[in-house]
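Working from the sequences, and respecting the hints, build out all of it.
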Amino acid sequence: MSTITPTPARRRRRRPLVGGQLPPSPAATVVKAIVFSVACALVVLPFVGILSTSMAPPEQVSRAGGLVLFPESLDFSAYQAILSGGIVTRALGISVIVTVCGTLLSLTVSSLLAYTLTRPALPFRRGLTMLVVISLFFSPGLLPTYLAVQSYGLLNSLASLIVPTALSAFNVIVLRAFFGSLPSDILDAAEIDGASEIRILTSIVVPLSKAALAVIGLFYAVGYWNAFFSALLYLNDSTMWPLQLVLRTYVVDDNAITGYDLAAEAIPAQPSLQMAILVVSVVPILLVYPWLQKHFAKGALTGAIKG
Amino acid sequence: MALPGLVLLLAFQYVPLAGNVIAFKDYLPFIGIAESDWVGLENFEIITGGDPRFVNALGNTLIITLVQVVLVFPIPICLALAMNSLVSERIKRLVQSVLYLPHFLSWVIVVAVFQQFLGGAGMINNFLRSQGWDTFSIIGDPDAFIPLITAQVVWKDSGWATILFLAVLSQVSTELYEAASVDGAGRWRQMWHVTLPALRPIVVLLLILKLGDALSVGFEQIILQQQAVGLQASEVLDTYVYNNGIVDQNWSEAAAVGLVKGVVGVVLVWGANKVAHIFGEDGLYRT
Numbered sequence: 001m002s003t004i005t006p007t008p009a010r011r012r013r014r015r016p017l018v019g020g021q022l023p024p025s026p027a028a029t030v031v032k033a034i035v036f037s038v039a040c041a042l043v044v045l046p047f048v049g050i051l052s053t054s055m056a057p058p059e060q061v062s063r064a065g066g067l068v069l070f071p072e073s074l075d076f077s078a079y080q081a082i083l084s085g086g087i088v089t090r091a092l093g094i095s096v097i098v099t100v101c102g103t104l105l106s107l108t109v110s111s112l113l114a115y116t117l118t119r120p121a122l123p124f125r126r127g128l129t130m131l132v133v134i135s136l137f138f139s140p141g142l143l144p145t146y147l148a149v150q151s152y153g154l155l156n157s158l159a160s161l162i163v164p165t166a167l168s169a170f171n172v173i174v175l176r177a178f179f180g181s182l183p184s185d186i187l188d189a190a191e192i193d194g195a196s197e198i199r200i201l202t203s204i205v206v207p208l209s210k211a212a213l214a215v216i217g218l219f220y221a222v223g224y225w226n227a228f229f230s231a232l233l234y235l236n237d238s239t240m241w242p243l244q245l246v247l248r249t250y251v252v253d254d255n256a257i258t259g260y261d262l263a264a265e266a267i268p269a270q271p272s273l274q275m276a277i278l279v280v281s282v283v284p285i286l287l288v289y290p291w292l293q294k295h296f297a298k299g300a301l302t303g304a305i306k307g
Numbered sequence: 001m002a003l004p005g006l007v008l009l010l011a012f013q014y015v016p017l018a019g020n021v022i023a024f025k026d027y028l029p030f031i032g033i034a035e036s037d038w039v040g041l042e043n044f045e046i047i048t049g050g051d052p053r054f055v056n057a058l059g060n061t062l063i064i065t066l067v068q069v070v071l072v073f074p075i076p077i078c079l080a081l082a083m084n085s086l087v088s089e090r091i092k093r094l095v096q097s098v099l100y101l102p103h104f105l106s107w108v109i110v111v112a113v114f115q116q117f118l119g120g121a122g123m124i125n126n127f128l129r130s131q132g133w134d135t136f137s138i139i140g141d142p143d144a145f146i147p148l149i150t151a152q153v154v155w156k157d158s159g160w161a162t163i164l165f166l167a168v169l170s171q172v173s174t175e176l177y178e179a180a181s182v183d184g185a186g187r188w189r190q191m192w193h194v195t196l197p198a199l200r201p202i203v204v205l206l207l208i209l210k211l212g213d214a215l216s217v218g219f220e221q222i223i224l225q226q227q228a229v230g231l232q233a234s235e236v237l238d239t240y241v242y243n244n245g246i247v248d249q250n251w252s253e254a255a256a257v258g259l260v261k262g263v264v265g266v267v268l269v270w271g272a273n274k275v276a277h278i279f280g281e282d283g284l285y286r287t
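From first to last, the protein sequence lines are chains F and X.
For reference, each letter of the first sequence is one residue, going 1 to 307 in this note's numbering.
For reference, each letter of the second sequence is one residue, going 1 to 287 in this note's numbering.
Just so you know, the hints here were simulated from the structure itself, not pulled from any lab data.
Each hint should be verified, as a subset may be incorrect.
[Unchecked claim] Below, in silico cross-link-like pairs of lysine to aspartate or glutamate (EDC-like), each with a Cα-Cα straight-line distance of 16 angstroms or less:
(1) 294(F) to 89(X)
(2) 25(X) to 45(X)
(3) 32(F) to 89(X)
Given below as structure tokens:
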């Protein structure tokens with residue numbers, strides 16, 4: 001027998017496999033490295049510019065005529081100016097209140113509804129579940145929603161930023177799927193021991209679902225924090241504006257921030273002020289982001305598969 | 001216990017859904033929905049009669065949807081394919097962390113960031129000016145509006161959109177790749193015969209959902225930037241309903257447009273799902 005010379009296909013077969021896939025060629029690796037570096041830079045650089053400008057000394061900002069990438073020294077006067085009272089401080093307070101109250105309300109109402117829908121004892125369980133599911137497919141539309149909010153007397157109140165969006169049918173369905181997957185033996189045992197439904201929910205279901213509730217809560221919180229249009233639609237009174245609307249007025253629409261709007265005596269350069277407002281509105285998201293990121297893959301998947 | 005949730009659901013989903021009757025009435029705010037006169041289909045003449053403002057909004061909406069399906073939709077798929085074959089887990093996780101972030105920022109922030117960088121007095125133009133070079137104007141130019149909002153959508157959401165594709169790719173059995181490789185398949189053939197077929201169901205699903213949203217494009221994003229470029233370039237159906245209904249107080253006309261938009265969306269999802277079934281895909285749901 002003559003020796004078998006390996007064909008190119010055979011040689012390729014012998015290379016180490018990564019998860020069954022062939023490792024990328026050097027050229028592909030270089031291309032990917034470039035693509036990902038550029039993509040990440042496009043996300044990170046704007047924030048560096050914004051953060052730097054908000055902390056750069058006024059002379060440097062006015063010399064640059066706008067954003068600077070490297071502050072020559074650190075100057076926090078812009079933050080002092082916006083956080084020492086006045087419209088930005090108030091808006092920040094309102095956004096915090098709306099986000100905290102809204103998230104608590106949303107979580108409570110959603111888990112109560114989701115839990116009840118998993119209980120076999122609930123009358124019309126199927127019908128009620130369909131009611132939740134169907135609402136996912138039909139959005140009632142902007143004008144009828146506005147008229148409904150108006151007829152409930154919610155216009156021009158902080159409640160209008162919370163109540164109309166307090167219940168997300170999608171989150172209810174995700175939670176229901178999660179609660180439904182808990183081992184029913186434990187719940188049955190508690191029931192036999194005479195625990196009320198509320199007791200079962202608070203002492204068993206909630207502690208077992210901490211991670212899921214945290215993810216859903218964070219999604220609600222991000223939604224409340226970022227909401228801008230409901231404030232534009234429902235509020236006439238600018239003293240109730242949340243941070244996003246202030247951001248729109250002074251940064252997107254570029255209206256000048258005057259001493260009238262702030263409590264500070266000295267008004268720093270406009271770009272610094274604008275960027276400081278931007279930073280203040282981004283920071284809470286950045287703070288919860290690592291946590292959010294750890295869990296959302298799971299959350300998004302549950303929704304995608306079971307929703 | 002379910003009561004608070006059901007009340008909210010009824011009050012803010014089903015009551016407004018019924019409130020769509022104003023599309024068939026001549027709604028006058030001071031006499032209320034119940035007392036306003038029925039006018040049949042008169043309000044829908046704005047659609048059937050081809051009102052120029054409506055036609056403009058519809059045209060812009062369809063163009064933007066088309067651009068987003070053709071140009072924006074494939075980007076996360078490509079990103080996911082590239083990420084999936086990254087060898088180092090740590091680099092993969094770092095890239096994901098950075099690229100997912102913009103999804104969690106509000107549109108106000110995204111628009112502000114774009115202005116600060118690309119605007120007439122933005123960072124890049126300031127740099128060009130300081131070097132004595134020509135500046136460009138993207139923000140506020142009606143002709144550049146669609147490319148601008150497309151770039152914003154890509155920046156905000158294409159990283160996040162990879163999450164579903166990556167989840168599906170991680171489920172692909174390694175045996176399939178090994179078998180393909182034993183059969184002599186190279187990288188591209190592995191991708192063509194193993195990876196892409198694995199992605200097909202999720203792509204079909206997302207396209208169906210996208211089709212249902214075909215008539216609603218970036219409402220918050222566009223309303224924030226409308227002043228700068230004018231209605232001709234930037235009016236889409238959602239902003240038309242807002243501008244015509246709430247700003248100009250033509251309640252019933254705007255509600256008629258909103259209602260047709262909603263119904264068409266549901267019909268499109270239903271139809272696309274049927275088509276997907278004909279081609280042997282699972283689609284969104286099976287009945």
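So, going through the hints one by one against the coordinates:
{"no.": "1", "hint": "294(F) to 89(X)", "result": "15 angstroms, holds"}
{"no.": "2", "hint": "25(X) to 45(X)", "result": "13 angstroms, holds"}
{"no.": "3", "hint": "32(F) to 89(X)", "result": "14 angstroms, holds"}
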